[in-house]
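*Asks:* Protein sequences, first through last, are from chains Y and G. Yeah, the first sequence ends on 386 if you go by numbering that gives the first Met the number 0, and it's all consecutive. Yeah, the second sequence ends on 401 if you go by numbering that gives the first Met the number 0, and it's all consecutive.
Among the hints, erroneous ones may be present.
Only some residues are given here: those of chain Y computed to face chain G with a beta carbon under 8 Å [unchecked claim]:
#1 V43
#2 T45
#3 E49
#4 D138
#5 V139
#6 F142
#7 T147
#8 C164
#9 W192
#10 D195
#11 F214
#12 I363
#13 A368
#14 V371
The calculated lysine to any residue pairs, modelled on SDA-like cross-linking and capped at a C-alpha distance of 25 Å, are [claimed, not checked]:
#15 Y:K151 / G:V299
#16 G:K370 / Y:R269
#17 Y:K151 / G:F251
#18 G:K370 / Y:N210
#19 G:K40 / G:F251
#20 Y:K67 / Y:G79
#21 G:K322 / Y:G79
#22 G:K370 / Y:P360
#23 G:K322 / Y:T365
#24 Y:K67 / Y:A310
#25 Y:K151 / Y:T209
The set of hints was computed from the structure by calculation and includes no laboratory data. Computed from a predicted structure; not experimentally measured. Backbone N, C-alpha and C define an ideal beta-carbon position, used for all residues, glycine too.
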Amino acid sequence: MVQQTFEGEVLTEPVVVEREFETVDMNINIGPQHPATHGVFRMVLTVDGEIVKDAIPYIGYMHRGGEKLSESLDYRGALGYQDRTDYLAAFNSEWVYVNAVERLAGIEIPERAEYVRLILAEFNRLLSHFMFMGAFGTDVGYFGTAFTWTFKERERIQDLFEAVCGDRIMYNYFRVGGLAWEPHETFIEDSHWVLDQVEVGIGDVDDLMTNNEVFVARCRDVGAMSADEAISFGVTGPMLRASGVPFDLRVDEPYSIYDRFHWEIPVGERGDVYDRYLVRLEEMRQSVTILRQALDQMPTSGPIEPERMPARLRPPPGEIYMRQENPRGEYGIYMVSDGTDKPWRVKMRSPCFHNLSSLRPQVINTYLADAVVALGSIDIVLCEVDR
Amino acid sequence: MVLSEFAGVSMPDWIDALLRVIFIVALMTIIAFALIYLERKILARFQARVGPTRTGPIGTLQSIADALKLVTKEDVRPITADRWAFELAPYMAFVPVFLVFVPMPFTETWFIRDLNLGLLFVFGVLGLNIVGVVMAAWGSDNKYALLGGVRAAAQAISYEIPMLLIIVAVVMVAASRIAVDGDASAAGSINAIVGDQTTTPYILLQPLGFFIFIVGMLAELHRPPFDMPIAESEVVGGYFVEYSGMRWGMFFLAEYTALFLLVVLASSLFLGGWNWPFGADVGLGLQIVLTFVKTSVMIVLVIGSRALFPRLRIDQLMAFSWKVLLPFAIVQVLANGIILAYGGADWVVGLVSFGLLVALGGLVYYVMRRKQGEGTRTVSTTPATPRVITSPEVTPVEAGGD
Numbered sequence: 000m001v002q003q004t005f006e007g008e009v010l011t012e013p014v015v016v017e018r019e020f021e022t023v024d025m026n027i028n029i030g031p032q033h034p035a036t037h038g039v040f041r042m043v044l045t046v047d048g049e050i051v052k053d054a055i056p057y058i059g060y061m062h063r064g065g066e067k068l069s070e071s072l073d074y075r076g077a078l079g080y081q082d083r084t085d086y087l088a089a090f091n092s093e094w095v096y097v098n099a100v101e102r103l104a105g106i107e108i109p110e111r112a113e114y115v116r117l118i119l120a121e122f123n124r125l126l127s128h129f130m131f132m133g134a135f136g137t138d139v140g141y142f143g144t145a146f147t148w149t150f151k152e153r154e155r156i157q158d159l160f161e162a163v164c165g166d167r168i169m170y171n172y173f174r175v176g177g178l179a180w181e182p183h184e185t186f187i188e189d190s191h192w193v194l195d196q197v198e199v200g201i202g203d204v205d206d207l208m209t210n211n212e213v214f215v216a217r218c219r220d221v222g223a224m225s226a227d228e229a230i231s232f233g234v235t236g237p238m239l240r241a242s243g244v245p246f247d248l249r250v251d252e253p254y255s256i257y258d259r260f261h262w263e264i265p266v267g268e269r270g271d272v273y274d275r276y277l278v279r280l281e282e283m284r285q286s287v288t289i290l291r292q293a294l295d296q297m298p299t300s301g302p303i304e305p306e307r308m309p310a311r312l313r314p315p316p317g318e319i320y321m322r323q324e325n326p327r328g329e330y331g332i333y334m335v336s337d338g339t340d341k342p343w344r345v346k347m348r349s350p351c352f353h354n355l356s357s358l359r360p361q362v363i364n365t366y367l368a369d370a371v372v373a374l375g376s377i378d379i380v381l382c383e384v385d386r
Numbered sequence: 000m001v002l003s004e005f006a007g008v009s010m011p012d013w014i015d016a017l018l019r020v021i022f023i024v025a026l027m028t029i030i031a032f033a034l035i036y037l038e039r040k041i042l043a044r045f046q047a048r049v050g051p052t053r054t055g056p057i058g059t060l061q062s063i064a065d066a067l068k069l070v071t072k073e074d075v076r077p078i079t080a081d082r083w084a085f086e087l088a089p090y091m092a093f094v095p096v097f098l099v100f101v102p103m104p105f106t107e108t109w110f111i112r113d114l115n116l117g118l119l120f121v122f123g124v125l126g127l128n129i130v131g132v133v134m135a136a137w138g139s140d141n142k143y144a145l146l147g148g149v150r151a152a153a154q155a156i157s158y159e160i161p162m163l164l165i166i167v168a169v170v171m172v173a174a175s176r177i178a179v180d181g182d183a184s185a186a187g188s189i190n191a192i193v194g195d196q197t198t199t200p201y202i203l204l205q206p207l208g209f210f211i212f213i214v215g216m217l218a219e220l221h222r223p224p225f226d227m228p229i230a231e232s233e234v235v236g237g238y239f240v241e242y243s244g245m246r247w248g249m250f251f252l253a254e255y256t257a258l259f260l261l262v263v264l265a266s267s268l269f270l271g272g273w274n275w276p277f278g279a280d281v282g283l284g285l286q287i288v289l290t291f292v293k294t295s296v297m298i299v300l301v302i303g304s305r306a307l308f309p310r311l312r313i314d315q316l317m318a319f320s321w322k323v324l325l326p327f328a329i330v331q332v333l334a335n336g337i338i339l340a341y342g343g344a345d346w347v348v349g350l351v352s353f354g355l356l357v358a359l360g361g362l363v364y365y366v367m368r369r370k371q372g373e374g375t376r377t378v379s380t381t382p383a384t385p386r387v388i389t390s391p392e393v394t395p396v397e398a399g400g401d
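Excised from the complex, chain Y in its bound form (with noise of 0.2 Å):
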């Protein structure tokens, strides 16, 4: 018999060498050039199979200092720029800073030009959650219908706004003070038809989406986020309402006039994708319940700036934080006023950059497939986050 030898020593009985299968975690770049990301966001995945082990977000590959930007022009001046931090609900960008300018500057606006501003910033929520709901589609793995159905919608409120202030995207329709100039003679009669035609395309995205069991599946606990985990995150808007709390800035810290509106605020209860998904649907419900008690209200006269506004903004020395509810959440412009024509320090608080930073929770552990389809449900949107 052949003595079998291991390592060097004599063995008397056979050995059983026990070899574990080895394997590596792989790093997958999500991102910056990704059909997921939504822009250019970069997302490093450190997956075991399917598995994420770790995920490191890297942002700022849209950074373009438009704090910086705004504190370098008047108070006029740099409502442009407004426009392009929130691409999709740029007149909600709008409103906070020329909000905040007018509270700063203690400048009253007349009635009408506050519905037109509610009545364009409510439209713009709408726009924003076709959007989302559209794009978030396609994540969850959609073939171009949701986003096509989605952008018809949208299509049409664009053409109102372009019937409002001549432009699709980048708005630039508000004015410290109030608006530009009068919206067009037919403005609310075309905000009817457009909520009709737009309350029927909600309900065809919760026909597509909402009960379809393939889709449930992929959204139903995953990515669930607790309250208290939402809170301590800064999590605002609807990701933060899914997570369970009611918080609503529109309500609960009430601005413009929505005082004046009778609507509810959609709750999730689990906080997970499917419930981020149901709040948007739900709010862009309530959004139209918003719109139409607003249209039948608004004046259909009546001045729509200050009858004296001065020819050089200079605010008296103070600090500002003004605060609303854009269609990702809680946008807040922190204002410095020195006295002079331009702001000494502006800060633009950007729900989609606290919305982000709980991504990371989210998606360790879960499948690669569940890691995109969370970065889908915050709806980012890279412009805001990286300012």
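Starting from the known structure of chain Y, arrange chain G on it as the hints suggest.
*Replies:* Leaving out everything else, chain G in the frame of chain Y:
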């Protein structure tokens, strides 16, 4: 169909064989072009678009324009790619699919060869397709491609099992009907199975089989909701992400050819292929029309599923195959065996299969509704109870610094 007879001239065997190969490739290329055009148009209609319109009358030449563009494109091979795996992969994916053409009956007499083991041949050959996919994935030296290729392999393995089991169930039914003096060896031939469906399409006898076959077919073809191997939002196209030009075109062609052939197979097995279910004898012309009508219905079904379904996750896909489809397929085979062994009537077979299908549907529905749970609740806001405004008041400070 023997070409030498068809053309009325005698020729050596090798020329005959060569002509058949050329015939298959030419025909399938044309069919694939037509399918690509149809898919773009139908998908566009699903998506509130109009699809291609600029190339030729209502865009009919779009596929040809695409093919020309692909042919003239530079053929890039990444410098770190495994040369042989990378270059051979498209052929490995392409050739098996074209071989599947051989036993497909388009009419009672039109096929390349009526194989005795036609069904086995189809699945044996089609299974080789995955080798090409894995070669492409590995050879590309690309992480997305690798993930896509591994997904494709896992998917192919897990979906061919319930699909083959359900084919067994179908063949059992066919064998009991076709058998002459206890000899059922003809039941492996696709043409014989089609020929048996003169009065009863097998979809009535095996509705569960039809469903599982369609699901397996979608998985085999990487079509939504089972398109993870080529998921654009996750792995950027999957295993062919590094391919360009005509090499990529060959993957594409293979995919559409496989779509057509599997659809023909499905309509042959379950919808009666070239058979007119009311009255047996129809002419050759009508047979070919019937084949194409049934095929087209199935194609619209497949394209519609692409428009209306999102993508499953890879573990959900595996779970659906192993935990749902496979047990149901096994139960179907057992049920068929028991019923046929005791000489049960056809309607019993059909009823049991239908019952199983309803059970499967009910199971999926119940599980998904339970998973879905309650929707969102709403918190009412009334104009009467807003909170006191706190923050946006101007607080005077000494503006610091210059």
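*Asks:* Run every hint past the structure and note whether it holds.
*Replies:* Now for the hints, and whether the structure bears them out:
Taking 8 Å as the C-beta cut-off, the interface hint given for V43 of chain Y is violated, the closest approach to chain G being about 12 Å. Taking 8 Å as the C-beta cut-off, the interface hint given for T45 of chain Y is violated, the closest approach to chain G being about 12 Å. The criterion of a C-beta within 8 Å of any C-beta in chain G is met by E49 of chain Y, whose closest approach is roughly 6 Å, and the hint holds. Because the smallest distance between the Cβ of D138 of chain Y and any Cβ of chain G comes to about 5 Å, under 8 Å, the interface hint for this residue holds.
Using the Cβ-Cβ criterion of 8 Å, the hint placing V139 of chain Y at the interface with chain G is satisfied: the shortest such distance is roughly 4 Å. Evaluation of the F142 of chain Y hint against chain G yields a held restraint, the C-beta minimum of about 5 Å falling below 8 Å. Interface restraint check: T147 of chain Y against chain G, minimum CB-CB distance 4 Å, threshold 8 Å, status holds. Annotation: interface hint on C164 of chain Y violated; nearest CB of chain G at approximately 26 Å, more than 8 Å.
Using the Cβ-Cβ criterion of 8 Å, the hint placing W192 of chain Y at the interface with chain G is not satisfied: the shortest such distance is roughly 18 Å. At about 17 Å, the closest approach between the beta carbon of D195 of chain Y and any beta carbon in chain G exceeds 8 Å, and the interface hint on this residue is violated. At a threshold of 8 Å, the smallest CB-CB gap from F214 of chain Y to chain G is about 5 Å, leaving the interface hint in force. Interface restraint check for I363 of chain Y: the shortest CB-CB distance to chain G comes to about 16 Å, outside 8 Å, so the restraint is violated.
Given the 8 Å rule on beta carbons, the hint for A368 of chain Y holds: about 5 Å separates it from the nearest Cβ of chain G. Among the interface hints, the one on V371 of chain Y holds; its C-beta lies about 5 Å from the nearest C-beta in chain G, closer than the 8 Å criterion. In summary, the hint linking K151 of chain Y to V299 of chain G is supported, as the alpha carbons are separated by about 24 Å, within the 25 Å threshold. For a cut-off of 25 Å, the pair hint linking K370 of chain G to R269 of chain Y stands: about 12 Å separates their Cα positions.
Between K151 of chain Y and F251 of chain G the alpha-carbon distance is near 30 Å, which puts this suggested pair outside the 25 Å criterion. Proposed proximity of K370 of chain G and N210 of chain Y is supported: the alpha carbons are some 11 Å apart, at most 25 Å. Proposed proximity of K40 of chain G and F251 of chain G is supported: the alpha carbons are some 17 Å apart, at most 25 Å. Between K67 of chain Y and G79 of chain Y, the direct Cα distance comes to roughly 14 Å. Compliance with the 25 Å bound is thereby established for this hinted pair.
With a CA separation close to 57 Å, the supplied pair K322 of chain G and G79 of chain Y exceeds the 25 Å bound. Our distance criterion of 25 Å between C-alpha atoms is met by K370 of chain G and P360 of chain Y, whose separation comes to about 22 Å. Between K322 of chain G and T365 of chain Y, the direct Cα distance comes to roughly 21 Å. Compliance with the 25 Å bound is thereby established for this hinted pair. Straight-line distance between C-alpha atoms of K67 of chain Y and A310 of chain Y comes to about 24 Å, which keeps the hinted pair within the 25 Å bound.
Our distance criterion of 25 Å between C-alpha atoms is met by K151 of chain Y and T209 of chain Y, whose separation comes to about 19 Å.
Hint violations for this structure: numbers 1, 2, 8, 9, 10, 12, 17 and 21, all remaining hints satisfied.
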